[in-house]
Amino acid sequence: ETGVTQTPRHLVMGMTNKKSLKCEQHLGHNAMYWYKQSAKKPLELMFVYNFKEQTENNSVPSRFSPECPNSSHLFLHLHTLQPEDSALYLCASSQEDLNSPLHFGNGTRLTVT
Amino acid sequence: AQSVTQLDSHVSVSEGTPVLLRCNYSSSYSPSLFWYVQHPNKGLQLLLKYTSAATLVKGINGFEAEFKKSETSFHLTKPSAHMSDAAEYFCVVSDQGGSYIPTFGRGTSLIVHP
Numbered sequence: 001e002t003g004v005t006q007t008p009r010h011l012v013m014g015m016t017n018k019k020s021l022k023c024e025q026h027l028g029h030n031a032m033y034w035y036k037q038s039a040k041k042p043l044e045l046m047f048v049y050n051f052k053e054q055t056e057n058n059s060v061p062s063r064f065s066p067e068c069p070n071s072s073h074l075f076l077h078l079h080t081l082q083p084e085d086s087a088l089y090l091c092a093s094s095q096e097d098l099n100s101p102l103h104f105g106n107g108t109r110l111t112v113t
Numbered sequence: 001a002q003s004v005t006q007l008d009s010h011v012s013v014s015e016g017t018p019v020l021l022r023c024n025y026s027s028s029y030s031p032s033l034f035w036y037v038q039h040p041n042k043g044l045q046l047l048l049k050y051t052s053a054a055t056l057v058k059g060i061n062g063f064e065a066e067f068k069k070s071e072t073s074f075h076l077t078k079p080s081a082h083m084s085d086a087a088e089y090f091c092v093v094s095d096q097g098g099s100y101i102p103t104f105g106r107g108t109s110l111i112v113h114p
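Chains E and C supply the protein sequences, listed in that same order.
Position 6 (the first sequence) corresponds to 6 in this note's numbering; numbering is contiguous.
Position 103 (the second sequence) corresponds to 103 in this note's numbering; numbering is contiguous.
Bear in mind the hints are in silico, worked out from the structure with no lab data behind them.
Do not take every clue at face value.
[As the list claims (entries may be wrong)] Sample of chain E residues with no beta-carbon within 12 Å of chain C, all distances over it, derived:
(1) 59
(2) 75
(3) 77
(4) 79
(5) 84
(6) 86
(7) 95
(8) 98
(9) 113
[Unchecked claim] Dumping the calculated DSSO-like pairs for lysine-lysine here, alpha-carbon to alpha-carbon at most 27 Å:
(10) E:36 with C:68
(11) E:22 with E:40
(12) E:41 with E:19
(13) E:18 with C:42
(14) C:42 with C:68
(15) C:49 with E:40
(16) C:58 with C:69
(17) E:36 with C:42
(18) E:36 with E:19
(19) C:58 with C:68
(20) E:40 with C:69
(21) E:41 with C:42
(22) E:19 with E:40
(23) E:41 with E:22
(24) C:49 with E:41
(25) C:58 with C:42
(26) E:22 with C:58
(27) E:18 with E:41
(28) C:49 with C:69
(29) C:68 with E:19
(30) E:22 with E:36
(31) E:36 with E:18
[To be verified] Cβ-to-Cβ under 7 Å is the rule here; a few derived chain E residues that face chain C:
(32) 27
(33) 28
(34) 87
(35) 90
(36) 96
(37) 97
(38) 104
(39) 107
Each residue gets a CB set at the ideal place from its N, CA and C atoms; glycine is no exception.
Here chain E stands alone, though its shape is the one from the complex (with noise of 0.2 Å):
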């Protein structure tokens, strides 16, 4: 158990699908992030979220569109994503101290088809 909760653990979609990828924390955390890890690359950070605000979006293309209702969710939104979008998406919290550790939930395995 990690104290973060990604939901659904794999997912398949067509490109003219839309879905939606979810968060939970209860680690009184107030940042919350979406990486994406792609095979043979590097972790990518897509999205920073602190205190229900977005702080970073490292140019990532529109078809992905994060949504924090609150400090302990967070949801990532797919429309007419590529077979090249198919990764591992990492959903990890913190408290916004740079001596406070990421705290990553097991990802979903998002195979776009």
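Chain E is already provided as a structure; the job is to place chain C on it using the hints.
Relative to chain E, chain C alone:
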């Protein structure tokens, strides 16, 4: 700007032999440094962290790391590898220049042979 370099993409050891995973960092401030481990199809788990206290940091599962400012290094070691140590390991740095958002290394895959 902060950065981190993991010097080996793959490290292969035999079970029962020592493990050394190398990490060098760059930071204009006093950094915080972390090592994370990722087993297949899992998220990343914190192994240990350095936050300007003792330079030798002990973590979970028998791992430890030593902060060497003069060498800008934070290498991860374990005296005796176990088969269950086979995983991906990430070195991470954060400092005041990058706010609280950490920078990850590219990862080192540890392979343990029986």
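Hint check, failures only
7, 8, 10, 14, 20, 26, 29, 32, 33, 34
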